[in-house]
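**Q** Sequence:
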Amino acid sequence: MKQEIQVSTPEFVSLRFTAAGLGTRILALLLDWMILSFVLGVLGYIALLFFALLESMGSPLWMSIIAGIGFVLAVFIPQLYYILMETFFHGQTLGKKVLGIRVVTDRGTAPGFFAIFLRNVLRVVDSLPLLYVVGISAVFINSHAKRLGDLAAGTIVVRQEEESRLPRVRPLYTREKKPFFQGEKLSRIPDSRWLQVAEFLSRRDELFPERRIELAQIIFANLFPGRTSDTADTERLLEAAFFQWRDERQRVNRPEGGTT
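Numbering (UniProt numbering), first residue to last: 1 to 260.
Rather than coming from a laboratory, the hints here were simulated on the basis of the structure.
By construction, the Cβ of each residue, glycine as well, lies at the ideal position given by its N, Cα and C atoms.
Check each hint, because a few of them may be wrong.
[Stated by the list, open to error] With a straight-line Cα cutoff of 25 Å, these simulated SDA-like cross-link-like pairs (lysine to any residue) come out:
(1) 97 x 152
(2) 185 x 222
(3) 185 x 127
(4) 97 x 76
(5) 2 x 32
(6) 97 x 36
(7) 185 x 240
(8) 2 x 29
(9) 97 x 24
(10) 185 x 173
(11) 97 x 127
(12) 185 x 107
(13) 97 x 136
[Said to hold, decoys possible] Have a look at the derived ranges for each label pair, beta carbon to beta carbon:
(14) 221 x 133: 37 to 47 Å
(15) 124 x 68: 46 to 56 Å
(16) 202 x 121: 54 to 64 Å
Taking the hints into account, I'd like the entire structure generated from these sequences.
**A** Take a look at the structure:
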């Protein structure tokens with residue numbers, strides 16, 4: 001049964017997500033474990049080669065040092081994997097990406113470093129006493145399927161939003177054939193941001209003019225930090241960026257050898 005979650009963004013735009021199911025999260029976790037097992041296995045093999053070399057040289061001190069380094073890496077590499085992946089890939093590890101889920105904040109935005117760090121440090125508690133018993137129990141009890149790390153960090157694991165979930169946006173400006181955002185990696189911007197844009201563009205006619213301009217500027221600043229635009233032109237740029245992103249996404253998802 002799908003669990004719908006409605007959140008209000010800092011721009012007061014309502015977004016709807018579907019909470020990731022426990023089975024999907026477990027499969028993503030198993031995929032991440034397989035990746036980590038491979039990495040740790042390679043490092044372990046290299047450590048054994050060093051051990052053999054140092055043993056033949058009669059260097060017990062260095063053998064102890066290598067053993068200590070290996071232990072530290074075995075403990076911290078999994079934590080680094082989760083923290084770095086979710087930081088640089090907008091709330092996704094490789095396992096989450098394959099299963100189509102991601103981490104967002106309670107406000108529907110991409111999580112910051114501190115939130116990601118906190119939810120993953122507390123992964124140790126969630127995994128107690130064995131095989132994530134504490135975390136799984138918390139997911140069953142919590143209405144938003146949160147483990148303890150998510151409760152502390154203010155995050156939710158949700159399904160990757162498909163384009164079919166986007167609100168219908170009616171263009172108000174003439175669409176140019178040449179993209180406005182040449183060279184921009186629009187696909188790197190989290191889908192939650194584009195959902196905010198779509199919600200705004202689909203409901204802009206309901207807003208007072210002053211509020212409409214204000215929201216357009218706030219959303220544009222969040223979408224393109226450090227980039228400025230004329231007040232009168234911001235909404236047009238948002239619309240152009242949204243349709244360019246949607247077109248790029250359709251090209252990526254289109255099956256080879258034909259169109260849909």
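**Q** Which of the listed hints are not met by the structure?
**A** 3, 15 and 16
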